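There are 6 protein chains.
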Amino acid sequence: MYFHVQEFINEIAADEPDPAAANALQEGLGGQFGEMRTMMQYLFQSINFRGPDGKPYKDLIQGIGTEEISHVELIGTTISRLLDGSPKYQGKPTDPVDQPGAGGATPLSIAVDTSNIHHYLVGAQGALPVDAVGNPWSGSYVYNSGNLVLDLLYNLMLESTGRLQKCRLYEMTDNKTARTTISYLIVRDQAHENAYAKALETLGVNWRTSLPIPKTNAEQFPEVKKLLDLGLQSKNYSFDLTAQSEAGKIFQGASPSNDGTELDASEQAPEGFPMTISPERPEEFSPGADDELRKLIEATAAMEMADIDATFGRMT
Amino acid sequence: MYFHVQEFINEIAADEPDPAAANALQEGLGGQFGEMRTMMQYLFQSINFRGPDGKPYKDLIQGIGTEEISHVELIGTTISRLLDGSPKYQGKPTDPVDQPGAGGATPLSIAVDTSNIHHYLVGAQGALPVDAVGNPWSGSYVYNSGNLVLDLLYNLMLESTGRLQKCRLYEMTDNKTARTTISYLIVRDQAHENAYAKALETLGVNWRTSLPIPKTNAEQFPEVKKLLDLGLQSKNYSFDLTAQSEAGKIFQGASPSNDGTELDASEQAPEGFPMTISPERPEEFSPGADDELRKLIEATAAMEMADIDATFGRMT
Amino acid sequence: MYFHVQEFINEIAADEPDPAAANALQEGLGGQFGEMRTMMQYLFQSINFRGPDGKPYKDLIQGIGTEEISHVELIGTTISRLLDGSPKYQGKPTDPVDQPGAGGATPLSIAVDTSNIHHYLVGAQGALPVDAVGNPWSGSYVYNSGNLVLDLLYNLMLESTGRLQKCRLYEMTDNKTARTTISYLIVRDQAHENAYAKALETLGVNWRTSLPIPKTNAEQFPEVKKLLDLGLQSKNYSFDLTAQSEAGKIFQGASPSNDGTELDASEQAPEGFPMTISPERPEEFSPGADDELRKLIEATAAMEMADIDATFGRMT
Amino acid sequence: MYFHVQEFINEIAADEPDPAAANALQEGLGGQFGEMRTMMQYLFQSINFRGPDGKPYKDLIQGIGTEEISHVELIGTTISRLLDGSPKYQGKPTDPVDQPGAGGATPLSIAVDTSNIHHYLVGAQGALPVDAVGNPWSGSYVYNSGNLVLDLLYNLMLESTGRLQKCRLYEMTDNKTARTTISYLIVRDQAHENAYAKALETLGVNWRTSLPIPKTNAEQFPEVKKLLDLGLQSKNYSFDLTAQSEAGKIFQGASPSNDGTELDASEQAPEGFPMTISPERPEEFSPGADDELRKLIEATAAMEMADIDATFGRMT
Amino acid sequence: MYFHVQEFINEIAADEPDPAAANALQEGLGGQFGEMRTMMQYLFQSINFRGPDGKPYKDLIQGIGTEEISHVELIGTTISRLLDGSPKYQGKPTDPVDQPGAGGATPLSIAVDTSNIHHYLVGAQGALPVDAVGNPWSGSYVYNSGNLVLDLLYNLMLESTGRLQKCRLYEMTDNKTARTTISYLIVRDQAHENAYAKALETLGVNWRTSLPIPKTNAEQFPEVKKLLDLGLQSKNYSFDLTAQSEAGKIFQGASPSNDGTELDASEQAPEGFPMTISPERPEEFSPGADDELRKLIEATAAMEMADIDATFGRMT
Amino acid sequence: MYFHVQEFINEIAADEPDPAAANALQEGLGGQFGEMRTMMQYLFQSINFRGPDGKPYKDLIQGIGTEEISHVELIGTTISRLLDGSPKYQGKPTDPVDQPGAGGATPLSIAVDTSNIHHYLVGAQGALPVDAVGNPWSGSYVYNSGNLVLDLLYNLMLESTGRLQKCRLYEMTDNKTARTTISYLIVRDQAHENAYAKALETLGVNWRTSLPIPKTNAEQFPEVKKLLDLGLQSKNYSFDLTAQSEAGKIFQGASPSNDGTELDASEQAPEGFPMTISPERPEEFSPGADDELRKLIEATAAMEMADIDATFGRMT
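Heads up: the protein sequence lines correspond to chains A, B, C, D, E and F, in order.
Under UniProt numbering, think of the first position of the first sequence as 1, with each following residue one higher.
Under UniProt numbering, think of the first position of the second sequence as 1, with each following residue one higher.
Under UniProt numbering, think of the first position of the third sequence as 1, with each following residue one higher.
Under UniProt numbering, think of the first position of the fourth sequence as 1, with each following residue one higher.
Under UniProt numbering, think of the first position of the fifth sequence as 1, with each following residue one higher.
Under UniProt numbering, think of the first position of the sixth sequence as 1, with each following residue one higher.
The hints are simulated quantities; they were obtained by calculation from the structure and are not laboratory data.
One or more hints might be untrue.
Some chain F residues near chain A, calculated using beta-carbon distances under 7 angstroms [as the list claims (entries may be wrong)]:
id	residue
1	Ile-117
2	Leu-121
3	Gly-134
Predicted, not measured: the structure shown is a model, and the values here were computed from it.
Ideal Cβ positions, reconstructed from N, Cα and C, are used throughout, including at glycine.
The shape of chain A in the complex, shown without the other chains:
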């Protein structure tokens, strides 16, 4: 069973809108090696896990899978913020609803030249469950062979590929909104690499000098360096409300990345960051409440919805 808090797992820095960067980040959300994939793969591996002796392995996978849901939330919101307001629409604050396209204007003309026109045409300047070339996410991405060693090996490769792609993403844009999230995910992907590599060590592999894969030297990326200095690449959170996780039996000792750190599974979760709600976008008809409906909502909110049936003359 899952629970939610109204906080982000990391802060999203403010910057100008940037639809091209937003589209690039879609790969990290809905791509074959993005966060929706890690999330789903680990949830299925947890559900189908076999072997009562292997509880620490299951708990490790379950915990990382839970973290990935928060990553979906984080990168999805980042994309949404990069898109929000990108057509630079100037609505009159007093009457925004009547504004869109009035008199034949074209406030969404940016859409026909942008990376993914669906960001404006199908969604309302928000994230989509697709990759950076518009392919919808597919269940065929999920790997769950049922053989523990193979599943762990795949997971290691998956996290390494996700990190490789995010390092490439870092090199594609210097938008701060994009980079705070990219950098955070680079470091957390490395933590997950370490987790799966360590699990494979307990099953017989000696990685020696081969990790992390890729050798990104990502500490040369300033935003990444800051997070590495905090040791985030060597922490594992359980996200387990009742402290039953045994993942710490695996995630301990020297890091397989050979960076001199010790693995640490002592924290339940990181500190969260406050959530806010995006503004309406009248040119998207989002939410498209007209004045009458707006008044209705406001009236309803005011009376705490207590007598809604009476208001609407509900038939009983």
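Starting from the known structure of chain A, arrange chains B, C, D, E and F on it as the hints suggest.
Frame of chain A; chains B, C, D, E and F shown alone:
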């Protein structure tokens, strides 16, 4: 940010394996109107939500979305249990790993005649992210127009269709493992129907006698009746750890289903049910640990992993 | 612009339900070489047609494309009839709605063993836009190169492949409902083969002895022979309401199939056959109208809907 | 059975070619909420319709489905016109066939920078059965649950979403060719919204102030306003050749959109607009007839094809 | 550049037709971890290989990729043989072409109950480029990150998963035709595991006791044991015609599988096995040559095609 | 069984990088009518071929299929070269690995504006198995009806369409790297057109003046003219190592293209062109070997890998 507890959201009754029922239930997991879809649709609608005035609507969607993750966990596990052991493999308990196919035996011969051979060939008698005819789940299913009324209308239709399909599933099998989950989801789908219908009432619609859709008369299904008598169709859980959800401003008053109940959003979450880990399946090579690896795991567990590096002669 | 008459293009014989035959026929509806594909391919070729000199070619393609819409209607209805009632559900005529699954019965148990469970679970014993293994129809099937010779060559190959598959379908089932439609489409596919072959003759090809492709000797199929004797393989209908089609400039002279017949484009359309509406299926909750709604519909029909607003207390 | 007239359902205004607008309009043709989808969904719902009492509902759906075929024709042609000539190719009128790429020229260089290179590479400056990001249309879009209320609710949501997207399209381009079709479809989508909303009113829903969805205030779009003033949003055509449609039993009374109009189902079809055939495009090798073939076609046309076999020395 | 010899890479044993086994083997041909995938993945990795220093790695991948083309040929033919004649059609040898379905017979009735009806309806009792549940092979399967360590790690996982699935296939059927190919591929997959594992050893990993993955104990499968005794799991062929491959610089020394063998890259290719051509299948209209065409072919063959133009009265 | 030589089937001219041209060429590699499709279609037709009398037809298809593998290699490499270095990254030659993104630089910023961002984000400036709009190659493209005449007719249409698209590609770019490959494939596609057209002539068709399709007048493209003058459009290679191919029984006599040439099947294969390996791309982390790994590789190469196990302290 999301958290997990090692409990199921509902109990899964024990019964014989039944791969045909397992395959039918895949529609409820990975189908176009299944739990993966509701989960993803509501998470995206929460991420992209617009309109600070509309926080109660966002909280309603977010809370139901969180519940759907637990539904994925529930129905996935149900499928896994229906498949587990279905080839009736009889391994020797003392030496199960050496058993599979020894001497040319065909312990998986059931697979070639079964509904979805992938349950045995790609997975290891576990759930897959596909529907009941084997189509992988697709991101193109997710609907998020950004227009609040449309999104709510779609959600109402989605829950109603999910409930319609689950009522049909109920009529396809009387396996108890399958039916406990099907019945629970029928009732919870109705709760979500009520939630979205109520939200649309606050925005102007009067449903009069049209709900629930479909008129399933599901109270004639004995397992469903039991849950209706408990009032589960009229409860909304927040799954919100810090009690910030305002969904109760909407989910209150008389049920739009006109069943005489009052909507109740006072509970954070239902009681959970214990989780167990499935047995190994040597004929699937799952986990496929041979004796040597098994000893390694046991040894590692015994010493609490403390000196793993020493054991492996780790190079530093 | 398109119009409709409430008649089928051919008669559909009555026989027992047969879900396996229904599923096989899906290939002829939603398969890569089925009627949805020919319909869409010819509509796109008509829309995008280039070359004012080539009006007879455009009219030929447009006319066949219009016929294919009626073929979609014909084969779709045939599938629906083969499925309808296949679970042999015996509802009480006085109270059908309360019947489905009452007391825990499983009136849809046939679904888990049938060719495509979606026929019962997603649809309500009706046709689906998929092929015989469940793949949804795809726009990627449509071929429209814009080069006239290539488009005609493809169309000839397409009709020949459709006919090949329908000859194979004929050999798979002797259900009369299935066979009337299969046989009719075999003969009409040959007519369309003749049309495209003749068009290519006007552009330079001499088919000599190579047509029809395949040499099916389909006159050995009794139901097909009857239609061949009527000459249906050598007729082209315009389906053009204002008699502007110039297709007859091409579709004339000796048949390229070398069967001794003359091509005839003198008829606008064949005689139609009466349409009926299928019964309700309470076990599918289709339409799922409960007694109250049924009364509402009946009342509404009785008063010719004249005062509906008054009845519902419409707010104005 | 279906028929065709060689007329468009609305006029398509002339303007400059605009491949970006053409690509945007692909969403309205082959997108998840475009005209191919409405057309196919309503045809399948008609084919599979259950309940002899419900003939007015079936007729309503069948009639709108027939109209959608003409909408496919309309928007497909609009896209084709927006693309036609967009590379600004200047062929010599006397010898266009020898022109393309002669001497190494690059008359199609526009293609590599345009929204969908397939418009030039796969098609010949014509419409494709894909959406605005290039995804082929899929049969998985079609919704046909078999439950009348659900199907109508889905159809209402579908038309509303189609209208939402077309309002966004309006805001993306002011090309007149694009806008005449966009504006016409906005208004006809609203007519279909009204149709399904009215049908749901007869089954128990009171929409009160919630329609139209979205509140687009589209009357502020000048081209749309003109059509609204003609009342096109409140008319339903039967497209039924033999006047058997009972859709008017539903489509009557005050409009559910609360715009003060009365619904009117008295017309069979609107006036049509003349069709023309697009010019050849030698740089696309479309049709690519060389001089010899052209002479052949001309010769054939001249003699009305009467003696084609003699000409070709046909073997008999 | 590639060449072909008309020999199979391994012998295919004769046995009865078995369409269920044929369908299961489709996973090994067109599945996500089947031979089409390994073939394509390695060809792309060879084409895009970076790093002149890494020629031995490229040669290793290129050589295995070339072998996989022969595996596609082998398993495709195996499937074809398992299907061929499975409907047990009894044609008259003197007149097989006129036989199919004559008098209304149903020689293909097996198709409606079989695993993949396309084997009879779309193909003519032959292999298809799909997996065991009918999903077409997809280019999205190919992994080629461009990072050498990641690509090798993926390849190791890919071969291991392929081997895992083939071990499961072995347990599903004891048909000899199926098993000779399954067993051969199990052993060759292990050879490729060894190849990629060894390559990773040269880049820093020490596999210790973790290979082969999975620990299948496949030597307990009698057909596999025979091939292991021949040492096929420790051989690498170059398939390189001009002996430029440097793969042997990597594929040497002790096997990473720790089975006591030494890796051996000294052979160019194994001995081949003779190819035969399958019989015609008149009930599939394959090839569907009627008597006239057959005589034409025979005549042509007789005169070695020398004067074909004269025969056909070719216009010059 | 297949073999390889380390040579290209044609020379690839040097020119500047051009990612837009690279993307356009993807259609020729992974598009519905590209080289992956011809390759796979002919391999499947060879595997499933029926009719021992038809060996010359099988050999013809098999030989062309083998050539297509080399075409995949050729066009894949061409795309790779067009992409390679396109971001104009300026790494220090002495320390390229530490360079990427150092200090927050954006060496891959080109990616967000380019035709297919996956060329930089998923691949490492290399070819992908997708078409020019990013759709992955699909097994559903493969046509293999089992009816010889139909298969040959499809193949003729397929080669003609491939040639049509390549003629359009020629008109899109004058990059020399792109054009050498495009021009070569135009001419070889015509050779394959001739092959299938000739095969159909032996089965009864007289093409008269209709070939080649399309009438491209491609001899007006200077690079194509050069190859036509060499007669490459009238040659067929067997690529058969043991000279068992009987394709020459078909591929002989006057060309069906009526260009005055005689068909010639006397050569086994063309002369090959030397292969080189692309440079590393540190900004793609390809291969991403850091200094330590590089030293390891170099050391290993130096000692010819002889004592690798000793080096790594392998446990035995």
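Structure-based check of each hint:
1. Hint status for Ile-117(F): holds, given a least beta-carbon distance of 5 angstroms to chain A, under 7 angstroms.
2. Annotation: Leu-121(F) was flagged as interfacial toward chain A, and the flag holds, the nearest CB pair being 5 angstroms apart, inside 7 angstroms.
3. Satisfaction of the interface hint for Gly-134(F) is found here, the shortest Cβ-Cβ separation to chain A being roughly 4 angstroms, below the 7 angstroms cut-off.
No hint from the list above goes unmet by this structure.
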